[in-house]
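Colleague: Chain by chain, the residues run as shown.
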Amino acid sequence: MRAIATGLFTDEAEPRLIGGKDRETGRIVFPCPSATTYEPVPLSREGSLWSYTVQRYRPKTPPYAGPEAFAPWVVAYVELPGEVIVEAPLYGVAFEDVKIGMAVRFAPAPLNPEDADSVFIPAFQPHGDAA
Amino acid sequence: MSGDVCIVGIGIHPFGRTDGLSGVDQGVFAVRQALVDAGVDWPQVQFAYGSSDAAGNPDTMVDRLGLTGMQFINVRNGCAAGGSALFSAQMAIKSGEFDIGLAVGFDKHPRGAFNALPAEYNLPDWYGEMGQMVTTQFFAAKIMRYMSMFGISQETLGRVAEKAFRNAVHAPHAWRRQPVALEDILAAPLVSDPYTKYMFCSPAEGGVALILASEKKARELGKPLIRLKAATMRTRPPSSFEVFAPSVDVVADDTRPRGTASRIASADAFRLAGIGPGDIDVAQLQDTEAGAEIMHMAENGFCADGEQEKWLAEGHTEIGGALPVNTDGGCLACGEPIGASGLRQVFENVVQLRGDGGGRQVPNSPKTAYSHVYGAPGVSAVTILER
Chain A
1 MRAIATGLFT
11 DEAEPRLIGG
21 KDRETGRIVF
31 PCPSATTYEP
41 VPLSREGSLW
51 SYTVQRYRPK
61 TPPYAGPEAF
71 APWVVAYVEL
81 PGEVIVEAPL
91 YGVAFEDVKI
101 GMAVRFAPAP
111 LNPEDADSVF
121 IPAFQPHGDA
131 A
Chain B
1 MSGDVCIVGI
11 GIHPFGRTDG
21 LSGVDQGVFA
31 VRQALVDAGV
41 DWPQVQFAYG
51 SSDAAGNPDT
61 MVDRLGLTGM
71 QFINVRNGCA
81 AGGSALFSAQ
91 MAIKSGEFDI
101 GLAVGFDKHP
111 RGAFNALPAE
121 YNLPDWYGEM
131 GQMVTTQFFA
141 AKIMRYMSMF
151 GISQETLGRV
161 AEKAFRNAVH
171 APHAWRRQPV
181 ALEDILAAPL
191 VSDPYTKYMF
201 CSPAEGGVAL
211 ILASEKKARE
221 LGKPLIRLKA
231 ATMRTRPPSS
241 FEVFAPSVDV
251 VADDTRPRGT
261 ASRIASADAF
271 RLAGIGPGDI
281 DVAQLQDTEA
291 GAEIMHMAEN
301 GFCADGEQEK
311 WLAEGHTEIG
321 GALPVNTDGG
331 CLACGEPIGA
341 SGLRQVFENV
351 VQLRGDGGGR
361 QVPNSPKTAY
371 SHVYGAPGVS
381 AVTILER
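Residue numbers (our numbering), protein chains in the order written: chain A, 1 to 131; chain B, 1 to 387.
Any given hint might turn out to be false.
As the list claims (entries may be wrong) - Residues of chain B clear of chain A, computed beta-carbon distances all greater than 12 Å:
1. G16
2. T18
3. D19
4. L21
5. S153
6. E183
7. K223
8. S247
9. D249
10. A298
11. G306
12. D356
13. Q361
14. T368
As the list claims (entries may be wrong) - Derived lysine-lysine pairs resembling BS3-like cross-links, with alpha carbons at most 30 Å apart:
15. A:K60 <-> B:K197
16. A:K99 <-> B:K197
17. A:K99 <-> B:K310
Note that these hints are calculated values from the structure, not bench results. Please read all numbers here as calculations on a predicted model, not as lab measurements. Here a beta-carbon is modelled for each residue, glycine too, at the ideal position from N, C-alpha and C.
So here's chain B without its partners, still in its complex pose:
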């Protein structure tokens, strides 16, 4: 295949809580919207990759969309599931096998924190019995060490959350769309120190669909060319600090941040796209907690460790800043339906590159957009779009 794989259609079912609609319902909703957006009919879609963590097998949606006999592959890959579906869809077109296909993700999680059981992670039962099978503990401990190493304040974490809710006011697909004042964020009850309740995202519901096509097919459809310049999914290096870890390696020099799957996925994505972090106009970075956005700014190469304190204070990551981050409010405001979350970031990037962001539109016609997810047990997926 010559040329780039392009995203020609996008659809989303609003994130949050939708009683009476299953996860698959929300996925189907998103697919129908994406088909309309692309100007194609379901029978033209040659293949699909679908991701869902807790809401059933995505391929069951052919019942609803049409039994065309198409290829439909289900993807489960933790928080990188959506990114993995997108990567796979891209490869199916790049290989020359197909011209047009679908990456779809949806989920519907029970209320409250994710309730993981030790056996699902090959951990002994006692680990859960003593109360350590709790994801928030890891995320809090990770930022606590980072703050101590690089001088990040709790107020900076608060600024991340404040920005998320403020941006989400203008994102119709977001869940929490009321601004929250910085002092209220900081004064709210602590969940896991240093995080207050506004600094963690919640498991949620939602669905996202992206229609991908070869460049030739995209031109035939007459769509603006949003090019997928890179899509990477990577796993962790040795000695990384991950969720649900009864032990962590000691290392010779522990004064620098440890390697992460995110660093690997990011470096490889920039290499594939042939550009660097300074060339990115807008970024969606995994922000399951406020500190995740802070650490991921550095892990993805956008700033040095410790510079985030200044960046947030000076508004560099605001909509009108040097590098707008999480323009739709990210996971903090949208919640995290695992199967759909990474694809939401790409949806938002397409909206921004098309100039359709309305009140949250990044000014000066952004040309490049970056997305990044991270999840247990050390997986990460990155995409870079260009128009």
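Chain A on its own, in the form it takes in the complex:
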């Protein structure tokens, strides 16, 4: 799995997002800033949906580098408890079934599902009872 950028996921069989923990305040942000005042920390795999929308039209290129054939997706803000809220697509759920508070799990996904060599982007899937 090749991530869309270095330093986003851990190098594990089941990757985790890498956040940045402010060495002074303990505040966690994503992605991890390059400044040495931040310590890279793996983030929880599981969280809950904090808010969302559906991206219904193809974003302008540049900067969007996804497939020409556009399919709408859920833009999710996922709360990783006690850590940080991160923005990423939520796949594997019908739009009408998306509910704020639903349980989700980190599952990186190809930016272009039609391309076997596609880079992977941060993404989530429904989890537990929500799956």
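Based on these hints, arrange chain B on the given structure of chain A.
Modeller: Frame of chain A; chain B shown alone:
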């Protein structure tokens, strides 16, 4: 300087799309109209602050208006640019340095959604490559959470848009001046859930000019005294939720709305003016999307979170309601030329305080008027006018 800073002249180039006219052309048009309105000639204008986001440097307009050697400062401050120009113009007079000056804003954006690039916001390229450099996503996600927390329905969002187009019928400077039925607004294609295409404003074009003067100078000009009681521009507090945010802070108690630049700018403006939200007779609130007007009603202190559902259903924010909001149709009907948008709100408030609103005039001679803008990455500007 004793007394208040007063707005003595207003001018506007109609918003929307004007092929063949540059942004500066539209700014110059507005300035000439404001000069006539104030009854002053260009050489009398001692200074200017000009805002434009995408249509070139405002000070180039001296070429067209006259090379008097006057001071002209360009302002870029995101969606708060117009408010920042107005604040600065006010301070130049308050300081005693000048008696009369200009705040002008104009813009001309390409069609379609604003196309931001990650590097402009210090974000990594991948953020844009995966399709998250899209302002509508943020605005939609913000209202989605607010609706879930405070029981606001999509129908209420529709009512905001319906009101905007209905008010704009009577505003000659507005862009979209055809009424749209609530059921058509709700049945239109979704752009970013829960917003349909009628619930988002579009980038646009337009120009607005305001001539400001000391109270003494305003009396000499013989103009009705429209007093600028407060003009504030503020930035975001910690843990706010803003556009283009790859991450947001977790907070201990997430059951209440988070702090915003708007809340700070609003509270400070009311403090400076020495009045409260209940004293305001008409308000122009940033409505780049229908939900923004809803949330900004609460963020500016006009109602409690969740009360908007009832307010809209009962028509409190209509022209004849307890607090008319966005009497010219706001951004939803006028579009958003960034450099001019905040000044349009103040233009509209002056029209209302003078009683010149025609078919959109707020009844019973309003005496106080409020304006508010909000933009990326967490900036807000508020004004309070009194006559």
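Colleague: Does each hint fit the structure? Answer for all of them.
Modeller: Structure-based check of each hint:
1. G16: Holds, since 22 Å exceeds 12 Å.
2. T18: Holds: least Cβ distance 24 Å, greater than 12 Å.
3. D19: holds (22 Å)
4. L21: holds (25 Å)
5. S153: holds (15 Å)
6. E183: The claim holds: E183 of chain B sits with its nearest Cβ about 20 Å from chain A, beyond 12 Å.
7. K223: Since the minimum Cβ distance to chain A is about 46 Å, K223 of chain B lies beyond 12 Å and the statement holds.
8. S247: violated (4 Å)
9. D249: The claim breaks: D249 of chain B does not keep its Cβ more than 12 Å from every Cβ of chain A (closest is about 7 Å).
10. A298: Non-interface label on A298 of chain B holds, nearest chain A Cβ at 17 Å vs cutoff 12 Å.
11. G306: G306 of chain B clear of chain A: closest Cβ-Cβ about 16 Å, beyond 12 Å.
12. D356: D356 of chain B is indeed farther than 12 Å from all Cβ atoms of chain A, at 40 Å.
13. Q361: holds (37 Å)
14. T368: holds (35 Å)
15. A:K60 <-> B:K197: holds (17 Å)
16. A:K99 <-> B:K197: holds (22 Å)
17. A:K99 <-> B:K310: holds (24 Å)
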